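Visitor: Please work from the sequences and hints to get the whole structure.
There are 2 protein chains.
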Amino acid sequence: MTTSAARVAPSALRRAQDVVAPATRAFIARLDDTSAAIASYHLGWTDASGAPTGQGGDKGGGKAIRPALATLSAQAAGAPAQVGIPGAVAVELVHNFSLVHDDVMDGDTERRHRPTVWAVWGTTSAILTGDALLALAQEVLLEGSSPHRAAAARLLAEATRHLIRGQVQDVAFERRGDVTVAECLEMVSGKTGALITASAAIGAVLAGASAEVVAALSTFGAQLGIAFQLVDDLLGIWGNPEHTGKPVFSDLRLRKKTLPVTYALTHGGSPGRELADWLAGSEPPGSDSTGAARAADLIEAAGGRDWAATEAQHRLAVATQALAAVPIPTGPREELIAIAHFIVTRET
Amino acid sequence: MTTSAARVAPSALRRAQDVVAPATRAFIARLDDTSAAIASYHLGWTDASGAPTGQGGDKGGGKAIRPALATLSAQAAGAPAQVGIPGAVAVELVHNFSLVHDDVMDGDTERRHRPTVWAVWGTTSAILTGDALLALAQEVLLEGSSPHRAAAARLLAEATRHLIRGQVQDVAFERRGDVTVAECLEMVSGKTGALITASAAIGAVLAGASAEVVAALSTFGAQLGIAFQLVDDLLGIWGNPEHTGKPVFSDLRLRKKTLPVTYALTHGGSPGRELADWLAGSEPPGSDSTGAARAADLIEAAGGRDWAATEAQHRLAVATQALAAVPIPTGPREELIAIAHFIVTRET
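From first to last, the protein sequence lines stand for chains Z and V.
Mapped onto our numbering, the consecutive letters of the first sequence carry residue numbers 1124 to 1471.
Mapped onto our numbering, the consecutive letters of the second sequence carry residue numbers 1124 to 1471.
Worth flagging that the hints you see were computed from the coordinates, not collected in a lab.
Just so you know, not all the hints are guaranteed correct.
Per the computed footprint, the stretches of chain V lying under chain Z, defined by three or more beta-carbons under 8 Å from a beta-carbon of chain Z, are [as the list claims (entries may be wrong)]:
1) 1150 to 1158
2) 1162 to 1170
3) 1221 to 1235
4) 1257 to 1263
5) 1292 to 1302
In silico SDA-like cross-links for lysine to any residue, where the CA-CA straight-line distance does not exceed 20 Å [unchecked claim]:
6) Lys-1186(Z) x Ser-1412(Z)
7) Lys-1380(Z) x Leu-1358(Z)
8) Lys-1379(Z) x Thr-1247(V)
9) Lys-1379(Z) x Glu-1297(Z)
10) Lys-1380(Z) x Thr-1247(Z)
11) Lys-1380(Z) x Ser-1412(Z)
12) Lys-1380(Z) x Thr-1247(V)
13) Lys-1379(V) x Asp-1229(V)
14) Lys-1369(V) x Ala-1440(V)
15) Lys-1380(V) x Thr-1247(Z)
16) Lys-1379(V) x Thr-1247(Z)
17) Lys-1379(V) x Thr-1453(V)
Some chain Z residues near chain V, calculated using beta-carbon distances under 8 Å [claimed, not checked]:
18) Leu-1222
19) Leu-1265
20) Ala-1280
21) Glu-1281
22) Val-1302
23) Ala-1305
24) Val-1441
These figures come from a predicted structure and were not determined experimentally.
Glycine included, C-beta positions come from ideal geometry on N, C-alpha and C.
Guide: Next up, the structure:
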């Protein structure tokens, strides 16, 4: 399965990118010129001067996991991939709304190897561009004549509420030293999970699928979202900088209290206590690669690395089981599972 | 008409506030605790510590013009006011999303005599609370079983895009010295007009009204939105501080290039040129009440005050005519016209 997964998943992602990028461009063109130019830069289509980068979106626009889930979700309900496209475009717009606003809130100056929107155009333009992308996502879904467009738009609006709740919790957790693994998982289920859940279900909703199929796809997406974040957190500490494009131990240098860190802090005995002391230390974040290397060892000694890897595999298994419980055509089911395997085994 | 307008309009506004505030509260309660608390403060229901202010929303939440238009819009289409309530709640949420974000962008520290959200909780919380209100507005519209909810939600999403376009233009105009009256009116038609237009039409859309009635109500709202801003601009310069609660010449102290200022700059001969010199001067905004008084005289001498007042009356007339061209029951029609008169003759 793993070998075939590694072969199949990227093709499903590329296919989604190929159909979704042109539709997304057509909607972005509706925005005022300033917001459209900034969004095109953020999505990787143009540079900061507005010149095309020649990227259809693959490099700049991320892995297209959410749009791929959305189109496969329609196919899982027996409809053509086409039916899921408004959902695919909409989830990608909401994802990018959240990235543009998060970069302002986190003060991050770089994303995907390029300066962030606020770093180039300032906070005001970043707020407005994010707002424009969020409103546009609803337009995408609400046009046309699908009898299920209101249900899909409602699903996305609710997911956005949960996504924002997760971000609110993440911000609050930064100021706390006593966050539990359960609280951290709850935060992740919103911040990362809500939109992946919606992506996995929205195509089926647009296709008018039964409540059972929509529920199974939602469970699949919810488990996948948490697995995605667990792997993200592992890569942020132990990822190969040549693959991730980020500095070694990048999340630890920023003192991010990710899931493996939270596990180590709350289950880790003496290594966990040493880790807590290091996190509470006065060294400025980013300056301390020896300290970060030591912190990575402490997390591993405290069981945080093993726990996160095992938990990701467990979530993958539950996600896969959810799909087995309902009638879904074999092709889309296998592609959904392949994407899930790709998410858990990826190196970037 | 004017006397009766002054009597009728406030009662329509109060009535809207009475039905919309409880529905809005129920939706706000759905947000995460932090966003709900911040939104409750912004809406005037609680103080910064979370203690109830005893205000149903009238004082803190503004004049309820938009919700009143939304419920009357349903009645204009022959439906009960109740049918317009999701629209009324949704437009009020979008209005407040834009206020919370605008205060961040403009760096305004006070609104309705209280510290702004970002001034109390910081920029991150203000961005997130605004985002939450925008997403929630769509949820409000998309619930229930109205066959017209997708059309109403689409109307609101499009209006939000135009509102954001107007704000983008407003930000860009601050850096330009050559903005024309036509450009400024176009900006206002988005920033202020888009949501008032949507408010005037959304109840009718929810009621399944004919395209003609929706179009007439949209024209009414679009004209009213511009009249609203013209009067706002006049009050920002010549308003009585005892009524407006703002310092005398408040907009001029902030060097705001509002519609009467833009008219004076572009049509005002020698007073216009003196005004341009003053606006370009190096005195820090806010420090200069003698200068602001002189600037107000220059705007008047250049014809900006008369133009704005005449233009507001003209927009009121066009708005009223738009309603006369379609079959709308007498009661709601008169109340809509009364609100329009109230907007143009108000002193706060």
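Visitor: Now, for every hint given, state plainly whether the structure supports it.
Guide: Evaluation of the provided hints:
| no. | hint | verdict |
| --- | --- | --- |
| 1 | 1150 to 1158 | holds (count 5) |
| 2 | 1162 to 1170 | violated (count 0) |
| 3 | 1221 to 1235 | holds (count 3) |
| 4 | 1257 to 1263 | holds (count 5) |
| 5 | 1292 to 1302 | holds (count 3) |
| 6 | Lys-1186(Z) x Ser-1412(Z) | 29 Å, violated |
| 7 | Lys-1380(Z) x Leu-1358(Z) | 14 Å, holds |
| 8 | Lys-1379(Z) x Thr-1247(V) | 17 Å, holds |
| 9 | Lys-1379(Z) x Glu-1297(Z) | 8 Å, holds |
| 10 | Lys-1380(Z) x Thr-1247(Z) | 29 Å, violated |
| 11 | Lys-1380(Z) x Ser-1412(Z) | 17 Å, holds |
| 12 | Lys-1380(Z) x Thr-1247(V) | 19 Å, holds |
| 13 | Lys-1379(V) x Asp-1229(V) | 11 Å, holds |
| 14 | Lys-1369(V) x Ala-1440(V) | 29 Å, violated |
| 15 | Lys-1380(V) x Thr-1247(Z) | 19 Å, holds |
| 16 | Lys-1379(V) x Thr-1247(Z) | 17 Å, holds |
| 17 | Lys-1379(V) x Thr-1453(V) | 40 Å, violated |
| 18 | Leu-1222 | 13 Å, violated |
| 19 | Leu-1265 | 4 Å, holds |
| 20 | Ala-1280 | 4 Å, holds |
| 21 | Glu-1281 | 6 Å, holds |
| 22 | Val-1302 | 15 Å, violated |
| 23 | Ala-1305 | 16 Å, violated |
| 24 | Val-1441 | 26 Å, violated |
Hints 2, 6, 10, 14, 17, 18, 22, 23, 24 from the earlier list are contradicted by this structure; the remaining hints agree with it.
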